[in-house]
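> Sequence:
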Amino acid sequence: MNNKPDNTGLENAGAATRAVWGGEQVRHPYNATQTPIVVSAAYGYDDIDVWYDVALGKAPGFIYSRMSNPTVETLEAKICELEMAESAVAFSSGMAAISSVLYTFLAHGDRVVSTKDSYGGTNKIFEEFLPRMGVDVTLCETFDHEEIEREIAKGCQLVYLETPTNPTLKILDIPRLVAAAKRVGAVVVADNTFATPLNQNPLALGVDVVIHSATKFLSGHGDVLGGLVCGSAALMAKVRHYREINGASLDPFSAYMIIRGMKTLVLRMRQQQCSARALAEYLGTEPLVESVNYPGLPSHPNHAVACAQMSGFGAIVSFVLVGGMDTVKLLLPRLRFAHCAGNLGAVETIYGPARTTSHVENTLEERLALGISEGLVRVSVGIEDTDDLLDDLKQAFAFVKKTLNPHLNEVHIEAAN
Numbered sequence: 001m002n003n004k005p006d007n008t009g010l011e012n013a014g015a016a017t018r019a020v021w022g023g024e025q026v027r028h029p030y031n032a033t034q035t036p037i038v039v040s041a042a043y044g045y046d047d048i049d050v051w052y053d054v055a056l057g058k059a060p061g062f063i064y065s066r067m068s069n070p071t072v073e074t075l076e077a078k079i080c081e082l083e084m085a086e087s088a089v090a091f092s093s094g095m096a097a098i099s100s101v102l103y104t105f106l107a108h109g110d111r112v113v114s115t116k117d118s119y120g121g122t123n124k125i126f127e128e129f130l131p132r133m134g135v136d137v138t139l140c141e142t143f144d145h146e147e148i149e150r151e152i153a154k155g156c157q158l159v160y161l162e163t164p165t166n167p168t169l170k171i172l173d174i175p176r177l178v179a180a181a182k183r184v185g186a187v188v189v190a191d192n193t194f195a196t197p198l199n200q201n202p203l204a205l206g207v208d209v210v211i212h213s214a215t216k217f218l219s220g221h222g223d224v225l226g227g228l229v230c231g232s233a234a235l236m237a238k239v240r241h242y243r244e245i246n247g248a249s250l251d252p253f254s255a256y257m258i259i260r261g262m263k264t265l266v267l268r269m270r271q272q273q274c275s276a277r278a279l280a281e282y283l284g285t286e287p288l289v290e291s292v293n294y295p296g297l298p299s300h301p302n303h304a305v306a307c308a309q310m311s312g313f314g315a316i317v318s319f320v321l322v323g324g325m326d327t328v329k330l331l332l333p334r335l336r337f338a339h340c341a342g343n344l345g346a347v348e349t350i351y352g353p354a355r356t357t358s359h360v361e362n363t364l365e366e367r368l369a370l371g372i373s374e375g376l377v378r379v380s381v382g383i384e385d386t387d388d389l390l391d392d393l394k395q396a397f398a399f400v401k402k403t404l405n406p407h408l409n410e411v412h413i414e415a416a417n
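Residues in the sequence shown are numbered consecutively from 1, following the UniProt record's numbering.
Heads up, some of the hints might be wrong.
Capping the alpha-carbon separation at 25 Å, the derived lysine-lysine pairs in DSS-like fashion look like this [stated by the list, open to error]:
no., residue 1, residue 2
1, Lys116, Lys58
2, Lys124, Lys154
3, Lys329, Lys263
4, Lys329, Lys238
5, Lys238, Lys58
6, Lys124, Lys263
7, Lys238, Lys263
8, Lys182, Lys238
9, Lys401, Lys329
Here are the in silico distance ranges between beta carbons for each label pair [said to hold, decoys possible]:
no., residue 1, residue 2, range
10, Pro298, Ala234, 37 to 47 Å
11, Pro60, Thr33, 31 to 41 Å
12, His241, Ala153, 28 to 38 Å
13, Ser232, Met67, 45 to 55 Å
These aren't lab readings, by the way, just hints derived from the structure by calculation. Each residue gets a CB set at the ideal place from its N, CA and C atoms; glycine is no exception.
I would like the entire structure built from these sequences, with the hints used as guidance.
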């Protein structure tokens, strides 16, 4: 199914206009101005022949909401506009989208090449579930593009990219790795959740399939689960068939919530990225911080690559604290304008260590093997005033310093005198 309507007039429109109007330039029932939530499980037909044609996809219409739903279809059309895709398929969660794509395109005896830096759930599929299916999985060092290219050149059916990575914010050179994959005929899949379609369009860079956890920035309010996959009509037909049979379909109410959230994506991201840059710059000056990860900083190892393939650097920052988890436990509870939670992409700022967020499924040993220390903290920057977020973080660090060294303020006073 091709979800992108013809002659929408959005071809030359800006991102904010496409986010609002994508998939919604139609007359809704009762002349409603908003996409209706269609909760019917099934759709009836008086004409058996018409019913049969719709069931076979020869005529437009709906049969059963596990297969397609009017509200969900609007969401799929909207992501097509933002990612410049022919077709899209919605899922009940981001992990449903990721796993379904991998299971759609991989079979016993196939080989997949990816990197060690990926979301913890994705890593578990690579390390635990795909090997059970007889799939050969090779995970390369994320910064070593030469190693990734060598492994791809050995032959593979799929190359899986996540950039920026979660939670280390590493950047992969998409065009370079796409070129390597195309030389061996591999399908290239990219998780674009952190960047969002506003900052990066992997399909335009040669990627075949793009995945989003719509739970995050697309919905933007931390109140719904969903996943989106987009690409060519031919590839999405395979993904849709897998979803129809395996059943991880998105419900219409969740689809409506994501549609509503996506309409403010541009406005939210504008403020979030501004604050993320400010927090990253401050963290780089904080003595209790060992390192800061944000692709928008010139000090980032792949800053040049990020500038070449991204139009913005996102709203996620991560940093490593001196003293590890002990310091994390002092700092995070002191924050006033933040949730300590296992989500990201919401209007509220959210802090969390990797062991309770992105890599909660992994053991300590597994996290350390992936280069994720216990002192790593991920920040999903919200839409609060930038100065308030900065002041909040500074007062939390001041508290930690005083707790670790009660005489610190006295030392500073004596030094000033």
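> Is it true that the C-beta distance of serine 232 to methionine 67 lies inside 45 to 55 Å, as the hint says?
Roughly 20 Å apart at Cβ, these two residues miss the hinted range, so it is violated.
> Could one say that the CB atoms of histidine 241 and alanine 153 fall in the range 28 to 38 Å?
Holds: the Cβ-Cβ distance is about 31 Å, inside 28 to 38 Å.
> When you take the CB atoms of proline 298 and alanine 234, is the distance between them in 37 to 47 Å?
41 Å, holds
> Can you confirm whether the C-alpha distance between lysine 329 and lysine 238 stays at or below 25 Å?
46 Å, violated
> Within a Cα-Cα threshold of 25 Å, do lysine 401 and lysine 329 meet the stated pairing?
This hinted pair holds, its Cα atoms lying about 13 Å apart.
> Going straight from one Cα to the other, do lysine 329 and lysine 263 come out at no more than 25 Å?
36 Å, violated
> When you check the alpha-carbon spacing of lysine 238 and lysine 263, does it fall within 25 Å?
29 Å, violated
> For the pair supplied as a hint, lysine 182 and lysine 238, confirm whether the alpha-carbon distance does not exceed 25 Å.
The given pair, whose Cα atoms are some 20 Å apart, holds under the 25 Å limit.
> Verify the proposed pairing of lysine 124 with lysine 154, using a straight-line Cα cut of 25 Å.
OK: lysine 124 and lysine 154 at ~23 Å, within 25 Å.
> Would you mind confirming whether the straight-line C-alpha gap from lysine 124 to lysine 263 stays at or under 25 Å?
The given pair, whose Cα atoms are some 33 Å apart, is violated under the 25 Å limit.
> For proline 60 and threonine 33, compare the CB-CB distance with the range 31 to 41 Å and indicate the outcome.
23 Å, violated
> Would the pair lysine 116 and lysine 58 pass a check requiring their Cα atoms to be no farther apart than 25 Å?
43 Å, violated
Violated hints for the displayed structure, listed by number in ascending order: 1, 3, 4, 6, 7, 11, 13.
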